[in-house]
Amino acid sequence: MSFIPVAITLLFSMGLSILAAPWFIRKMREKGQVVTDYYKPNKPKVANNGGILTLFVVFTTIIVIPLVFRLLVKLNLDIDFPREFQPLDNALLMVVLLYAFYGVLDDYLDVGRFSKVILPLMFAYPLVIVMSGWSVWVPFLGELGMATPQIDFFGFGTITISMVLRYLIIPIYIMVVANLKNMHSGYNGLQSGTALIVLTFLLLKSVMDKNLGSMYTIAALIGSLAVFFWYNKYPSKMLEGNIGSLAVGAAIGAGFAIQHYLFAGVVMLIPHIINFLMYVYWRIMNKRLPDDPRYAIVKFGKLREDGTLEVPNRFTLKWLLPYHFRMTEVQVVYSMYLLTLVFCILGLFVPG
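If you count by my numbering, then the sequence shown holds residues -18 to 333, one letter each, in order.
Just so you know, the hints here were simulated from the structure itself, not pulled from any lab data.
Watch out, some of these pointers could steer you wrong.
What the hints assert, rightly or not - Below, simulated DSBU-like cross-link-like pairs (lysine-lysine); rule was C-alpha separation at most 35 Å, straight line:
no.	residue 1	residue 2
1	214	24
2	280	21
3	26	218
4	280	8
5	283	24
6	268	24
7	12	218
8	280	12
9	12	214
Said to hold, decoys possible - Listed next, with one range per pair, are the computed distances between beta-carbon atoms:
no.	residue 1	residue 2	range
10	181	60	21 to 31 Å
11	307	86	32 to 42 Å
12	277	64	50 to 60 Å
13	191	279	41 to 51 Å
14	91	267	18 to 28 Å
15	185	64	22 to 32 Å
16	285	59	56 to 66 Å
17	65	306	48 to 58 Å
18	306	272	27 to 37 Å
19	191	275	49 to 59 Å
20	288	64	51 to 61 Å
21	-4	273	45 to 55 Å
All of these numbers come straight from a predicted model, not from anything done at the bench.
Don't be surprised by glycine CBs; every beta carbon is placed ideally from N, CA and C.
Please work from the sequences and hints to get the whole structure.
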């Protein structure tokens, strides 16, 4: 599979986002769809739910780009342009849409903790249904074929490890990654920048493995997200909202699943996993010691007069460094980029 059609998809999405972003920001501000940026001296109002723009561009790209490819075929170029995308690409798009809708639902209705676990598991099944035979690389064991062994299920038939992986592990994997991405945010450009790094390395690993057949949705997302990041970085003009962070996280999880990169994905997402474990420790200690101010539940830090961050504790990754050192928002975000970059490079060398 040639990289050129994937690159054209990425650039088309990027170009469409460049044209649409200024209009979108203006419209969101006019409609009052803004939130407060608490880490700025004057606490400005910033356009919210920029994830809507990102997803709109991705969907438009996936609809239009096959027509572009058919026109390019007429030029008799020596390039293999696909006439239509694979079912996996379309299923990934459906998973992203469901998570985006769930993000909107959570914003307006607060669906509750139980629903936050059960509902997202079902969102992965459009992808699970179209997944065929499976093999996965397991540390210390190598690549295992998942069609065997078969296990008798109490006389009702047989199940295979492939079935367990597809119908149980993949939905959990996508749900966890989506929530990891949603949690690792809070500064200008933090969520979008780290997501862009992870997605880029997912695409790069796919290029290295010559495994690009189902990468068109991911390529469209990278192009759109790159433009969103330009407006989301410090000082931000647009924030993603739950609709953006959950949808992008779901795309990352589904992308790793489609490409059989489950363990490589875990390595690339180690900073996000560490952030989650720190948060869990914080919540547990708050339950055990509810009157201890060290573990009080606080959503935002403060900005000192010198522009550095004053954070309430060290129990999330984004607060760890500014808790011990005087750092600006930009410095903290760049340190998170560097940490993500290191583990993404390591993930390139994990077979699957």
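Tested hints:
1. Between the alpha carbons of residue 214 and residue 24 the distance comes to roughly 16 Å, so the proposed pair stays at or under 35 Å and holds.
2. For the hint linking residue 280 to residue 21, the alpha-carbon distance of about 15 Å falls within 35 Å, and the restraint holds.
3. Restraint check: the Cα-Cα separation between residue 26 and residue 218 comes to about 9 Å, which is no more than 35 Å; the hinted pair holds.
4. The hinted pair formed by residue 280 and residue 8 meets the criterion: a straight-line CA distance of about 28 Å does not exceed 35 Å.
5. Between residue 283 and residue 24 the CA atoms are separated by roughly 11 Å; this keeps the pair inside 35 Å, and the hint holds.
6. With a C-alpha separation of about 32 Å, the suggested pair residue 268 and residue 24 falls inside the 35 Å cut-off, and the hint holds.
7. At roughly 15 Å between alpha-carbon atoms, residue 12 and residue 218 fall within 35 Å of each other, so this suggested pair holds.
8. Distance restraint check for residue 280 and residue 12: the Cα-Cα separation of roughly 26 Å lies within the 35 Å cut-off, and the hinted pair is therefore satisfied.
9. As the CA atoms of residue 12 and residue 214 are separated by approximately 22 Å, the hinted pair is consistent with the 35 Å bound.
10. A C-beta distance of roughly 23 Å is found between residue 181 and residue 60, which places it inside the suggested range of 21 to 31 Å.
11. In this structure the supplied range 32 to 42 Å holds for residue 307 paired with residue 86, their Cβ-Cβ distance being about 40 Å.
12. Distance hint for residue 277 and residue 64: a CB-CB separation of about 58 Å, consistent with the stated range 50 to 60 Å.
13. Between residue 191 and residue 279 the beta carbon distance is about 48 Å. The supplied range of 41 to 51 Å therefore holds.
14. Roughly 20 Å separates the CB atoms of residue 91 and residue 267, a value that falls within the hinted 18 to 28 Å.
15. Checking the proposed 22 to 32 Å range against residue 185 and residue 64 shows it holds: the Cβ atoms sit about 26 Å from each other.
16. For residue 285 and residue 59, the hinted distance range of 56 to 66 Å is satisfied, since their beta carbons lie about 60 Å from each other.
17. As the Cβ distance of residue 65 to residue 306 is approximately 52 Å, the hint placing it in 48 to 58 Å holds.
18. For the hinted restraint 27 to 37 Å between residue 306 and residue 272, the CB-CB distance of approximately 29 Å keeps it satisfied.
19. Checked against the given bound of 49 to 59 Å, the beta carbons of residue 191 and residue 275, roughly 51 Å apart, stay inside it.
20. The hint said 51 to 61 Å for the Cβ distance between residue 288 and residue 64, and at roughly 54 Å that hint holds.
21. Separated by about 53 Å at the C-beta atoms, residue -4 and residue 273 satisfy the suggested range of 45 to 55 Å.
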